[in-house]
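K.L.:
The chain contents come next:
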Amino acid sequence: MSQHEISLTVNGAAVKKTVEARTLLVHFIRENLELTGTHIGCDTTSCGACTVVLNGKPVKSCTVFAVQANGATLQTIEGVAPDGKLHPVQEGFWEKHGLQCGFCTPGMIMTAKSLLEKNKAPTEQEIREGISGNICRCTGYNKIVEAIQYAAAKLEEAR
Amino acid sequence: MPHLQDRSEKLTAKVPEAPVRVDTTEEVVAKTPAKVCGMGHRMKRKEDPRFIQGKGRYVDDVKLPGMLYMDIVRSPYAHAKILKIDSSEALKIPGVVAVITGQDLKAAGNLHYMPTLMSDTQPVLPIDKVLYYAQEVCAVIATDRYIAADACEKVLVDYEPLQPVIDPHEALKDQILVREDKEKKTNHVWHWSAGDKAATDAVFAKAAHVVKEKIYIPRIHVCSIETCGMVASWDKAREHMQIYMTSQAPHAHRTVFALVSGLPEHKIQIISPDIGGGFGGKVPVYPGYVVCAVASLVTGKPIKWIEDRSENLQADSFARDYHIEAELAADASGKLTGLRVRTISDCGVADAAANPSKFPAGLYSICTGSYPLLAADIQVDGVYTNKPPGGVAYRCSFRVTEAVHMIERMVDIMAHDLKRDPAEFRFANFIGADQFPYKSCTGWVYDSGNYAAALDKAMKMIDYAGLRKEQAEKRAKGQLMGIGISSFTEVVGAGPAADFDILGIKMFDSAEIRIHPTGKAIARLGTKSQGQGHETTYAQIIAEELGLPALDVQIEEGDTDTAPYGLGTYASRSTPTSGAAAAMAARKIRAKAKKIAAYLLEVGEGDLEWNIDRFQVKGSPDQAKTIQEIAFAAYTNHPPDLEAGLEATDYYNPPNLTFPFGSYICVVDIDSGTGAIHVRRFVAVDDCGNIINPLIVEGQIEGGLTMGLAPALFEEIVYDENGQNLTGTMADYLLPTAVESPKWELGKTITPSPHHPFGAKGVGESPTVGAPPAIANAVVDALWHLGVRHLDIPITPHKVWKALREHGVRD
Chain D
2 MSQHEISLTV NGAAVKKTVE ARTLLVHFIR ENLELTGTHI GCDTTSCGAC TVVLNGKPVK
62 SCTVFAVQAN GATLQTIEGV APDGKLHPVQ EGFWEKHGLQ CGFCTPGMIM TAKSLLEKNK
122 APTEQEIREG ISGNICRCTG YNKIVEAIQY AAAKLEEAR
Chain Y
427 MPHLQDRSEK LTAKVPEAPV RVDTTEEVVA KTPAKVCGMG HRMKRKEDPR FIQGKGRYVD
487 DVKLPGMLYM DIVRSPYAHA KILKIDSSEA LKIPGVVAVI TGQDLKAAGN LHYMPTLMSD
547 TQPVLPIDKV LYYAQEVCAV IATDRYIAAD ACEKVLVDYE PLQPVIDPHE ALKDQILVRE
607 DKEKKTNHVW HWSAGDKAAT DAVFAKAAHV VKEKIYIPRI HVCSIETCGM VASWDKAREH
667 MQIYMTSQAP HAHRTVFALV SGLPEHKIQI ISPDIGGGFG GKVPVYPGYV VCAVASLVTG
727 KPIKWIEDRS ENLQADSFAR DYHIEAELAA DASGKLTGLR VRTISDCGVA DAAANPSKFP
787 AGLYSICTGS YPLLAADIQV DGVYTNKPPG GVAYRCSFRV TEAVHMIERM VDIMAHDLKR
847 DPAEFRFANF IGADQFPYKS CTGWVYDSGN YAAALDKAMK MIDYAGLRKE QAEKRAKGQL
907 MGIGISSFTE VVGAGPAADF DILGIKMFDS AEIRIHPTGK AIARLGTKSQ GQGHETTYAQ
967 IIAEELGLPA LDVQIEEGDT DTAPYGLGTY ASRSTPTSGA AAAMAARKIR AKAKKIAAYL
1027 LEVGEGDLEW NIDRFQVKGS PDQAKTIQEI AFAAYTNHPP DLEAGLEATD YYNPPNLTFP
1087 FGSYICVVDI DSGTGAIHVR RFVAVDDCGN IINPLIVEGQ IEGGLTMGLA PALFEEIVYD
1147 ENGQNLTGTM ADYLLPTAVE SPKWELGKTI TPSPHHPFGA KGVGESPTVG APPAIANAVV
1207 DALWHLGVRH LDIPITPHKV WKALREHGVR D
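Taken in order, these protein sequences are the chains called D and Y.
Counting in our numbering, the first sequence runs from 2 upward without gaps.
Counting in our numbering, the second sequence runs from 427 upward without gaps.
Read the hints as simulated data drawn from the structure, not as lab findings.
Treat the numbers as computed from the prediction; the structure is a model and nothing was measured.
It is possible that part of the hints are untrue.
To be verified - List time: in silico DSS-like cross-link candidates among lysine-lysine, alpha-carbon distance up to 30 Å:
| # | chain 1 | residue 1 | chain 2 | residue 2 |
| --- | --- | --- | --- | --- |
| 1 | Y | K932 | Y | K865 |
| 2 | Y | K693 | Y | K932 |
| 3 | Y | K623 | D | K58 |
| 4 | Y | K489 | Y | K693 |
| 5 | Y | K470 | D | K119 |
| 6 | D | K18 | Y | K1020 |
| 7 | D | K58 | Y | K1169 |
| 8 | Y | K470 | D | K86 |
| 9 | D | K119 | Y | K481 |
| 10 | Y | K886 | Y | K481 |
| 11 | Y | K470 | D | K121 |
| 12 | Y | K481 | D | K155 |
| 13 | Y | K946 | D | K86 |
| 14 | Y | K623 | Y | K865 |
| 15 | Y | K481 | D | K18 |
| 16 | Y | K1018 | Y | K932 |
| 17 | D | K155 | Y | K461 |
| 18 | Y | K1169 | D | K155 |
| 19 | D | K86 | Y | K640 |
| 20 | Y | K489 | Y | K461 |
| 21 | Y | K693 | Y | K662 |
| 22 | Y | K470 | D | K155 |
| 23 | Y | K1014 | Y | K946 |
| 24 | D | K17 | Y | K481 |
| 25 | Y | K1169 | D | K119 |
| 26 | Y | K461 | D | K86 |
| 27 | Y | K610 | Y | K532 |
| 28 | D | K18 | Y | K727 |
| 29 | Y | K1169 | D | K121 |
| 30 | D | K17 | Y | K489 |
| 31 | Y | K932 | D | K18 |
| 32 | Y | K640 | Y | K1018 |
| 33 | D | K86 | Y | K489 |
| 34 | Y | K481 | D | K121 |
As the list claims (entries may be wrong) - Chain D regions said to be covered by chain Y (calculated; three or more residues, Cβ under 8 Å):
| # | segment |
| --- | --- |
| 35 | 5-17 |
| 36 | 94-100 |
| 37 | 134-145 |
All C-beta atoms, glycine included, are put in the ideal place defined by N, C-alpha and C.
Could you build all of it, start to finish, from the sequences and the hints given here?
P.N.:
The structure is reproduced here in structure tokens:
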């Protein structure tokens, strides 16, 4: 299997690694970079647990090869509050009980964060549609929606 | 415009007010101040900071030095002879360490079979035959998960396909034998009955009205977002097996491992770390776990095995799969009198259900539900088919979902047949609030309840009368709108130990609390959270009992080396059992604390009274010792006749189960052209007794409602005639997203359990139990006037479209 050297920026730091052509980005993140906050929940790009932000856009990292991230800027859940100060979306999930087992949570937070960057004041329906690529089996979504509404209000306050 | 014909008469317009019993309340009361954060506080979860920052630690996050990876070769047939397994090409791949077959397990001490939780057996890896599609055939161990997957492709298995038997009714003919290895040459596994057949026959003979229906509750899958997995690490020098495992019941699993493998139990440590959802799917022991542990024993290396989603959906234990025929009887006044139920339980290739041992059909006999029937006759037969084994929960307590769905559908059919409003009909038939404790005709003693209050509240919240009016108006215009009610009775919190055990291990549960000198504490429990928020709720229980701030109480579960023995978390049993144990252990500590306080204050124990977080002298509250002061004294200045320290353990054996209940009302709009179902509103009034943390209870209910919506409208594991799973990925097995899931509207009544130490009941599964019939009843309610009596779940648009066409609606 051919090996490729890739360079990218991960959570603000430059990274250079050699990977097999077939290595999925999610495995590269979890195994090579040892950033295990990004999870794997399916093999059909259905669940969204592996969502990361690649070049400013949320992507499901199980459906991207690591080599495709060469030269890219990547943010994982570990990069959302690097100094320990929670992002409003993280705060919202905690305040509103937007998580239970926590397995879908990192992907859900990455999607929600991207959603709020695109749409500063989403309606409830826009939030529901915005996170419909991420499946949560625990919460029933009410409180995830509330968490994102909380974050939207908090971000608005800060502006 | 659709051509709808209203064949029903007007529903009873007037809905009576429900009588409300005085000890049912709606308000959660917090007795402790916010800094203590005992019961009743909406405390933010203590476990959340790690999860929202990506610092949870799940099994797949465990990485040990020298760790190898396991992948599994699975059967492409549902039934076939294995002629040959050739692993030579696989072993040539650089990085492949071993291929483990059934023969290897047999040689290692007959490990090719294992016991199920119901004392049946199931293959770990087969020797000569595969019995279901996606069955584990052999395992590859390699240095990398990609290499292990490559090697699986290179293992050549010669099969001779055999005719499988997929339908349990066919299986009962015994023309194809699923388990040739069994002494009994039949696919019939067990027969189980409850109630009184003769009494029921007598009731039916006198009945004025009888309704009969076939109801299929299909096979579904919990599909927790984290699949199952293990990291097994055998330390040869220490003769110690350390196992990280996606386990809802780590202690029970340790005992099973010890009994099966012959390894001494104290040499096995099972750690159940953060678990990405369980819902019952992480209760059984799967073949992959056993092979993974054996692989570590054989190679002397840590081995990681993590399922793919497709493996999880195709081979792990399923839930439900009950083929029900029910008859419900009523007298001339419409009073429900009797229930007759015949059910076939499709077990797959093994009875691997996760029921208490004496209950092969679980707690299915709760199926008389919220109604005081005179007699019931319940009979269930377990049948083998060529499908994966199981019969585990899907967020439900031991077959209660099947029971509730059946009775709530039947009651609705009866109400409609008698042209009675379904709400009014339920009010007229409920077990009265003054009848508790209530002994049902199948032998359950319901601890408490106030069914009318819950339904009354749900009706007020949703404006039931207004909805019926709207429905009548819409029906006149040919529009399809339905209102569905479910007034369910749950039964959760097994033990009592006298009746309930898993493989002989009694279903008590445990808590151990240690108070440190500085007034901080650690508590360890025999259960295991998979997202239920135990680190918060247990801390709140202890805070309530001892006045220690919940933030000062560290909760640990899941490590068999440190936690007291317990049966784990499933079937909504944690609060009824370990939660009770935590309160009882705290009360033991308080009893000792009282002695210390009396010594410190130089008064008699009888002079002291407890006040939130301190013992104070009666009539002189300034003279007091806080729990923190007492804790310090327990290690520095304790009474000379008393042991040092401040800790206690409790193994709680509940005197009865708890019986949560609720009433749900669902409103659906149906597109007569496409059959699409829109859940417009859903009001859920739950009563789980006293509430520890309202925020967490809401989360449990909302989550459970979506897991009730899922099998009602979307999820079903489907097999073709060859036993191939047609729904083996998330692309085919449809989980609801935030778009399909409606905005749940919650209400509550509070009727405390009279026997639980702080009046609580389980809650996690009530909504999954109660929601499907509310939704199904709503859909049928919308179609009843056209002549539709019943639709099996999942009620897909196609089923509705078909039913509409069959009943003359063309557009």
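K.L.:
What are the numbers of the hints that this structure violates, sorted from low to high?
P.N.:
3, 6, 10, 19, 20, 31, 32, 35
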